[in-house]
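Work the whole structure out from these sequences, hints included.
Residue numbers (the working numbering), protein chains in the order written: chain U, 2 to 383; chain A, 2 to 383; chain F, 2 to 383; chain C, 2 to 383.
Among the clues, some could well be false.
If several chains are the same, the list does not tell them apart, and a pair holds so long as it fits within one copy or across any two.
Derived SDA-like pairs: lysine to any residue, alpha-carbon spacing no greater than 25 Å straight-line [claimed, not checked]:
#1 LYS76 with ILE99
#2 LYS76 with ASN337
#3 LYS22 with ASN101
#4 LYS55 with ARG350
#5 LYS300 with ALA252
#6 LYS22 with GLN43
#7 LYS22 with THR343
#8 LYS55 with ALA168
#9 LYS22 with PRO172
#10 LYS22 with ASP41
#11 LYS144 with ARG379
#12 LYS76 with GLU39
#13 LYS300 with PHE170
#14 LYS22 with GLU74
#15 LYS300 with GLN331
#16 LYS22 with GLY63
#17 LYS76 with LEU37
#18 LYS55 with ILE199
#19 LYS22 with GLU67
#20 LYS22 with ALA40
#21 LYS22 with ARG65
#22 LYS201 with ARG338
#23 LYS76 with ARG94
#24 LYS50 with PRO217
#25 LYS76 with ARG122
The hints are simulated quantities; they were obtained by calculation from the structure and are not laboratory data.
4 protein chains.
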Amino acid sequence: MAGSTTGTVFRVMTWGESHGKGIGVTVDGCPAGLPLEEADIQAYLDRRKPGQSKFTTARQEGDRVEILSGVFEGKTTGTPIAMMVRNTDQRSRDYSAIMNVYRPGHADYGFDQKYGFRDYRGGGRSSGRETLARVAAGAVAAKVLETFGVRIYAYTKSIGSIEIDRARFDPAVRDQNPLYMPDASAAAAADAFLEEMIAKQDSVGGVVECVISGVPAGVGEPVFDKLDACLAKAVMSIGAVKGFEIGDGFAAARALGSQNNDAFCIRKQPDDVTGSQAGQGEKKAFDRQCGRLDGIGKKTNHAGGILGGISDGSDIILRAAFKPTPSIAQTQYTVNRDGEETEIAIHGRHDPVIVPRAVVVVEAMAAMTVLDLMLVGRSARL
Amino acid sequence: MAGSTTGTVFRVMTWGESHGKGIGVTVDGCPAGLPLEEADIQAYLDRRKPGQSKFTTARQEGDRVEILSGVFEGKTTGTPIAMMVRNTDQRSRDYSAIMNVYRPGHADYGFDQKYGFRDYRGGGRSSGRETLARVAAGAVAAKVLETFGVRIYAYTKSIGSIEIDRARFDPAVRDQNPLYMPDASAAAAADAFLEEMIAKQDSVGGVVECVISGVPAGVGEPVFDKLDACLAKAVMSIGAVKGFEIGDGFAAARALGSQNNDAFCIRKQPDDVTGSQAGQGEKKAFDRQCGRLDGIGKKTNHAGGILGGISDGSDIILRAAFKPTPSIAQTQYTVNRDGEETEIAIHGRHDPVIVPRAVVVVEAMAAMTVLDLMLVGRSARL
Amino acid sequence: MAGSTTGTVFRVMTWGESHGKGIGVTVDGCPAGLPLEEADIQAYLDRRKPGQSKFTTARQEGDRVEILSGVFEGKTTGTPIAMMVRNTDQRSRDYSAIMNVYRPGHADYGFDQKYGFRDYRGGGRSSGRETLARVAAGAVAAKVLETFGVRIYAYTKSIGSIEIDRARFDPAVRDQNPLYMPDASAAAAADAFLEEMIAKQDSVGGVVECVISGVPAGVGEPVFDKLDACLAKAVMSIGAVKGFEIGDGFAAARALGSQNNDAFCIRKQPDDVTGSQAGQGEKKAFDRQCGRLDGIGKKTNHAGGILGGISDGSDIILRAAFKPTPSIAQTQYTVNRDGEETEIAIHGRHDPVIVPRAVVVVEAMAAMTVLDLMLVGRSARL
Amino acid sequence: MAGSTTGTVFRVMTWGESHGKGIGVTVDGCPAGLPLEEADIQAYLDRRKPGQSKFTTARQEGDRVEILSGVFEGKTTGTPIAMMVRNTDQRSRDYSAIMNVYRPGHADYGFDQKYGFRDYRGGGRSSGRETLARVAAGAVAAKVLETFGVRIYAYTKSIGSIEIDRARFDPAVRDQNPLYMPDASAAAAADAFLEEMIAKQDSVGGVVECVISGVPAGVGEPVFDKLDACLAKAVMSIGAVKGFEIGDGFAAARALGSQNNDAFCIRKQPDDVTGSQAGQGEKKAFDRQCGRLDGIGKKTNHAGGILGGISDGSDIILRAAFKPTPSIAQTQYTVNRDGEETEIAIHGRHDPVIVPRAVVVVEAMAAMTVLDLMLVGRSARL
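Here it is as structure tokens:
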């Protein structure tokens with residue numbers, strides 16, 4: 002089926018393999034009139050680009066995006082926006098080690114069972130490189146959302162057991178370290194830990210947290226297309242994500258109702274609520290209250306900005322758990338296509354952690370999802 | 002938009018409000034030839050019926066399902082299966098306490114912001130009673146899945162901090178206590194804890210775990226419609242769910258790659274792998290290996306049966322975190338429709354925990370999702 | 002698949018068989034705030050009710066619609082509107098004549114090939130009675146469209162070779178004869194012709210024409226979801242429709258460009274353009290010019306109100322060709338389920354022509370389609 | 002919305018403007034294992050290429066297709082197939098004549114009303130050049146259908162009033178004249194007529210007929226997704242199509258039931274039924290009976306191969322009416338963006354008739370539609 006398509010009104014279809022001709026995406030349904038140029042997309046792509054630090058693959062892709070359609074005289078026309086990044090690093094390689102062997106933690110076996118065979122070059126369609134197309138589409142969505150006053154800010158919350166400290170949280174710090182952690186001290190500790198992982202030929206997982214500010218109350222559809230359900234699907238569809246939370250998430254399962262319910266309140270003055278400045282620089286971003294133009298807010302935000310699947314005007318807070326990079330150089334037990342047990346050691350440079358480069362992917366998926374539901378919601382009333 | 006519709010091939014549309022004429026669902030796309038009768042649906046509905054224990058609302062609904070179409074001479078015809086449960090408990094009530102006040106933890110405020118007004122009787126469309134329609138559709142899906150050799154078994158994993166002990170896990174015990182816990186000892190402890198909650202006019206959250214056995218490798222679509230992504234959306238769309246995990250979930254974010262990767266293996270003999278007996282009675286259900294007809298399995302199952310969004314033939318294991326019941330009798334601060342701060346105390350009998358009655362809802366959502374992707378997958382190859 | 006579902010934002014799912022428990026429909030995505038009551042729906046249903054004249058089946062169904070959800074305090078809530086009509090005329094009958102024999106001109110054989118068996122009672126799902134659900138949904142759509150200033154008016158254009166004369170066209174006359182012809186003289190001639198058909202145990206086809214007024218320019222999506230393409234699908238999905246035209250239709254295939262192009266013009270005064278009074282009483286409805294609030298119109302309307310798949314502000318004019326009623330009492334050659342040649346004569350009262358009762362069905366399908374695209378179009382611009 | 006996307010399982014999204022960087026399409030949902038190379042696509046594209054005769058625009062596009070993804074080692078992988086044709090003829094031009102003036106018969110005015118502005122270069126997204134993407138996707142669909150034994154053969158049935166004569170019908174002749182008429186004599190007459198049109202700076206319409214052979218009985222979904230309804234939408238979505246017929250089409254509206262019903266029959270010997278050789282060279286293609294592997298056929302085919310929206314195993318026969326090319330050099334009255342009446346004469350070379358180049362587009366749309374419904378139909382039974 003059409004598993005590479007998502008969205009109802011803001012519809013996105015992606016294509017491409019890791020070592021094919023390129024990666025691309027078409028956005029069908031972007032509203033007309035948005036100023037858009039390649040630099041808008043490129044800025045997002047650069048955040049997931051490989052080769053930027055000692056912790057990312059050395060693959061030297063220019064990853065230059067080309068807008069092929071849908072923009073005229075600097076503005077979106079309402080017709081499909083096609084974007085493409087050519088793969089420039091397609092050296093002929095020796096894939097004999099993986100073409101017939103199922104890499105643990107990868108989709109190789111599932112693809113073969115599903116389709117009868119697979120493009121084994123660098124993971125083919127199941128490569129993390131596929132997320133490049135998501136980021137390009139997400140960059141468009143994020144720019145539309147900006148015109149609606151919605152901002153999305155994600156960051157690395159933890160790598161292995163090293164977690165950012167809310168007391169040291171500084172949004173501006175995120176872009177000052179290659180791990181995208183908004184806490185310089187945690188970033189330094191994680192950096193050392195990852196050096197250790199590389200030395201041990203091992204890898205580690207982590208958590209991305211994402212704050213979406215400025216979404217008005219009333220976004221999300223009842224029952225199946227709840228805002229949190231759509232966000233969950235969008236984020237879980239990123240390879241390697243194994244868990245998803247909104248607001249207090251699993252902690253809510255241990256809480257009492259009297260603690261977990263957020264009391265509604267009336268904001269007394271504009272600046273006693275800090276919700277709309279998420280990621281703008283202040284530490285309060287964590288324990289913020291929410292605020293709405295109509296003056297109704299909540300005293301706490303255990304709900305993470307969504308009640309009954311519909312936004313309540315508070316900041317939307319979500320988390321995604323990423324598993325460790327499955328490609329490791331250690332020898333692992335596995336099976337080959339002939340049904341024989343064998344061993345595999347995946348050489349070549351692989352990121353010891355997926356999370357830092359996934360931060361912008363989470364933002365992109367969140368942007369697409371929120372925008373689609375906001376557009377869909379335009380028909381909620383006569 | 003059409004937020005009450007889900008599925009691509011096995012498509013489901015639900016309708017109904019808590020205190021309207023009834024709750025219903027139409028299943029469009031069920032394959033022809035399935036033996037089906039009202040008793041098949043009723044058996045599922047009875048598992049979420051109110052009034053069954055001291056921990057569920059006293060509402061006395063017969064909740065008798067009627068199949069209105071799509072079945073002829075005892076078999077599905079391939080055309081839409083409409084099902085309805087009439088609301089029999091529609092006593093005229095005094096809703097003045099909630100019609101103008103936003104209950105904390107509920108969708109009241111979001112609905113008003115979205116639609117301009119809302120059916121405030123018992124929560125209207127956002128009532129948990131809406132899940133009745135999901136369960137009816139899920140019962141049909143589960144019966145189709147049975148013919149494919151797929152079984153779904155969910156249970157209460159924890160209530161508050163009281164969690165089942167894997168060493169005492171006994172699937173058969175699940176249906177012997179009103180909390181649907183497969184561990185009699187934990188069920189007894191939770192029972193006592195819930196008595197305490199009732200006395201304190203408070204509520205608590207919990208976790209449902211679900212095991213899906215017998216799904217062949219190759220189910221799920223790459224990129225956006227990954228099996229785990231679709232399951233996440235389906236489960237997160239159940240009201241009150243705040244977190245979702247596949248396999249090791251958030252624990253994977255703290256793991257090393259060398260621990261988290263599951264080694265593929267060849268099964269030596271049919272019975273050295275217990276994956277296909279999930280929920281059939283043995284404790285090994287927790288730490289099972291997986292097995293496939295073609296003999297390829299995995300030595301562990303940290304992945305929870307899904308790699309790269311595609312089933313790997315192992316048991317699929319997922320968890321959903323439910324927040325505490327938001328309706329509590331304690332006085333809470335809130336706001337009314339006129340934008341004034343006020344207080345509310347929600348009287349009447351409310352379940353002190355949502356989880357036990359949600360167990361079958363999780364099964365239903367999982368069944369619809371897996372079936373839809375299995376049917377969609379019929380077109381994966383020529 | 003889900004062939005009983007249609008629409009993107011205004012989504013409709015129907016169910017039911019001719020001799021099952023009833024016929025129903027759920028509308029998921031109707032905007033909130035529309036005043037709606039059962040009488041609104043019933044007025045539409047009554048236009049397709051059997052037993053109203055000598056030319057319709059004698060089946061005595063009350064065909065009373067019940068709104069089951071989605072309306073609160075007299076207004077739509079934005080949540081699914083479920084509607085149902087119980088079948089009251091379900092006498093046990095002798096179906097042995099048709100259960101194993103394929104009726105010529107019917108879907109019996111196709112259903113058996115598709116599903117392996119079929120509900121043969123009165124045609125089951127493929128019965129014309131299925132259109133009742135379309136009409137109920139269309140009635141809701143039409144009422145929403147009224148609030149947008151859009152009116153839909155269909156009528157019988159021809160029965161066999163008897164066609165209305167434009168010179169005698171009078172919209173008010175349509176509802177004064179059971180054939181729904183807006184020309185009393187043609188109606189009388191058709192009446193006599195149908196008497197002859199009944200005597201000869203034969204049937205005849207005809208054409209329905211439909212005028213949609215008040216649609217602003219800019220409705221319809223480029224490429225695949227053009228307004229005329231969506232209307233074509235909607236109308237062709239009515240059983241027995243074999244042809245569809247917009248504007249000049251097949252006549253355009255014989256025209257020259259210099260004749261067929263409609264010149265754009267500026268309206269000099271409000272009443273020199275009569276486009277917006279379609280069906281309001283004047284003969285000019287046929288050869289009308291179009292007019293738009295912004296003053297741009299067309300001097301002619303060969304295009305039928307749609308250019309490049311997008312409305313141009315003129316009246317939208319479409320036609321549907323209906324084949325003769327396939328059920329006739331004459332003996333016909335056919336084949337049975339055992340693959341043997343046999344004969345069949347379909348007794349019982351059948352309408353000698355489908356068209357009059359289909360007029361409101363065409364209106365209903367047009368209404369759903371135009372509304373869905375108008376709602377979808379709300380996202381065309383920022 | 003997403004109007005450039007179509008299909009449920011075989012999903013197609015197109016992009017591109019007439020004078021932008023190129024035209025492209027992504028096919029998401031093509032089954033894995035189909036041998037496919039660029040030459041397969043190119044053969045279809047060459048049939049709609051401009052510059053091939055005196056009746057087509059002189060635009061010299063190479064129109065070379067590039068497959069960007071989804072094919073590995075010569076076979077489709079089941080993942081999205083992206084294809085692109087770069088526009089090579091993008092000379093800077095003077096568009097001042099059309100950028101502010103609404104061309105009669107074109108979508109200019111509707112686009113401006115919908116989106117606020119438009120890419121006016123050569124019609125932008127509404128250009129006939131957009132069909133290139135449809136043909137590329139259709140070529141893939143047609144190749145899949147071949148493996149199912151389904152063939153699609155379309156041709157020019159008429160240009161203006163000049164129609165092919167069934168007695169002279171020869172499928173092989175179609176590709177021997179630039180008008181794609183399977184009757185050499187009619188082609189010669191049409192050729193002369195078109196010369197006259199060119200001299201008069203005028204244009205003319207025509208009809209394309211399409212025969213789809215080899216579709217088994219049982220394809221198409223009841224109610225809204227009937228096979229004929231889906232074909233109608235697909236074909237009507239081609240720019241300039243104003244009418245659509247299945248089988249006898251509008252003639253059925255004048256027929257009697259006793260004439261129009263096709264009697265079912267049993268085929269006596271394999272070769273007494275010629276239905277499966279449509280377009281293979283014999284004249285009988287017109288008046289053929291149908292045949293099925295199970296031996297059930299029809300003595301006539303007024304139905305055009307579809308009963309109740311479901312294929313009956315006979316040849317599927319459809320027709321599309323194309324209006325005259327709206328771009329003509331004669332002076333026409335119109336209006337400009339400032340709301341002033343003005344005149345326009347569209348210079349440059351334009352085809353005097355759209356039909357010949359549209360023949361392959363009709364085949365492409367038919368192929369996509371039939372394939373999608375055949376894949377969807379794989380879930381009709383358990």
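Results for each hint:
1. With identical chains, the CA atoms of LYS76 and ILE99 are at most 25 Å apart between copies only, with a shortest distance of 19 Å across copies and 45 Å within one.
2. In this assembly of identical chains, LYS76 and ASN337 lie within 25 Å of each other by CA distance solely across copies; the values are 22 Å between and 51 Å within a copy.
3. With identical chains, the CA atoms of LYS22 and ASN101 are at most 25 Å apart within one copy only, with a shortest distance of 23 Å there and 40 Å across copies.
4. Taking CA atoms no more than 25 Å apart as the test, LYS55 paired with ARG350 passes inside one copy only; the shortest distance there is 10 Å, against 59 Å between copies.
5. For the homomeric pair LYS300 and ALA252, the shortest alpha-carbon distance inside one copy (19 Å) is at most 25 Å, but the shortest distance between copies (31 Å) is not.
6. For the identical chains of this complex, LYS22 and GLN43 are neighbours both inside a copy (19 Å) and across copies (19 Å), given an alpha-carbon limit of 25 Å.
7. Neither within a single protomer nor between protomers do LYS22 and THR343 lie at most 25 Å apart by alpha-carbon distance, with minima of 32 Å and 49 Å respectively.
8. With identical chains, the CA atoms of LYS55 and ALA168 are never at most 25 Å apart, being 28 Å at best within one copy and 44 Å at best between copies.
9. In this homomeric assembly, LYS22 and PRO172 never come within 25 Å of each other (Cα to Cα): the closest approach is 37 Å inside a single copy and 39 Å across copies.
10. For the identical chains of this complex, LYS22 and ASP41 are neighbours both inside a copy (23 Å) and across copies (19 Å), given an alpha-carbon limit of 25 Å.
11. Taking CA atoms no more than 25 Å apart as the test, LYS144 paired with ARG379 passes in both settings, with 18 Å inside one copy and 19 Å between copies.
12. With identical chains, the CA atoms of LYS76 and GLU39 are at most 25 Å apart within one copy only, with a shortest distance of 11 Å there and 33 Å across copies.
13. Taking the closest pair of Cα atoms, LYS300 and PHE170 come within 25 Å of each other only inside a single copy of the chain (21 Å); across copies the shortest separation is 41 Å, beyond that limit.
14. For a Cα distance limit of 25 Å, the shortest separation of LYS22 from GLU74 across copies, 14 Å, qualifies, whereas the shortest one inside one copy, 29 Å, does not.
15. In the homo-oligomer, the alpha carbons of LYS300 and GLN331 lie at most 25 Å apart only across protomers (17 Å), although the nearest pairing inside one protomer, at 50 Å, exceeds that limit.
16. In this assembly of identical chains, LYS22 and GLY63 lie within 25 Å of each other by CA distance both inside one copy and across copies; the values are 14 Å within and 21 Å between.
17. Only within a single protomer do LYS76 and LEU37 lie at most 25 Å apart by alpha-carbon distance; the minimum there is 6 Å, versus 37 Å between protomers.
18. In this homomeric assembly, LYS55 and ILE199 come within 25 Å of each other (Cα to Cα) only inside a single copy, at 10 Å, whereas the closest approach across copies is 56 Å.
19. In this homomeric assembly, LYS22 and GLU67 come within 25 Å of each other (Cα to Cα) both inside a single copy, at 14 Å, and across copies, at 10 Å.
20. For the homomeric pair LYS22 and ALA40, the shortest alpha-carbon distances inside one copy (22 Å) and between copies (17 Å) are both at most 25 Å.
21. In this assembly of identical chains, the alpha carbons of LYS22 and ARG65 lie at most 25 Å apart whether taken from the same copy (13 Å) or from different copies (16 Å).
22. For the homomeric pair LYS201 and ARG338, neither the shortest alpha-carbon distance inside one copy (29 Å) nor that between copies (60 Å) is at most 25 Å.
23. For the homomeric pair LYS76 and ARG94, the shortest alpha-carbon distance between copies (20 Å) is at most 25 Å, but the shortest distance inside one copy (41 Å) is not.
24. Taking CA atoms no more than 25 Å apart as the test, LYS50 paired with PRO217 passes in neither setting, with 33 Å inside one copy and 36 Å between copies.
25. Taking the shortest alpha-carbon separations for LYS76 and ARG122, only the inter-copy value of 15 Å comes in at or below 25 Å, while the best intra-copy value is 37 Å.
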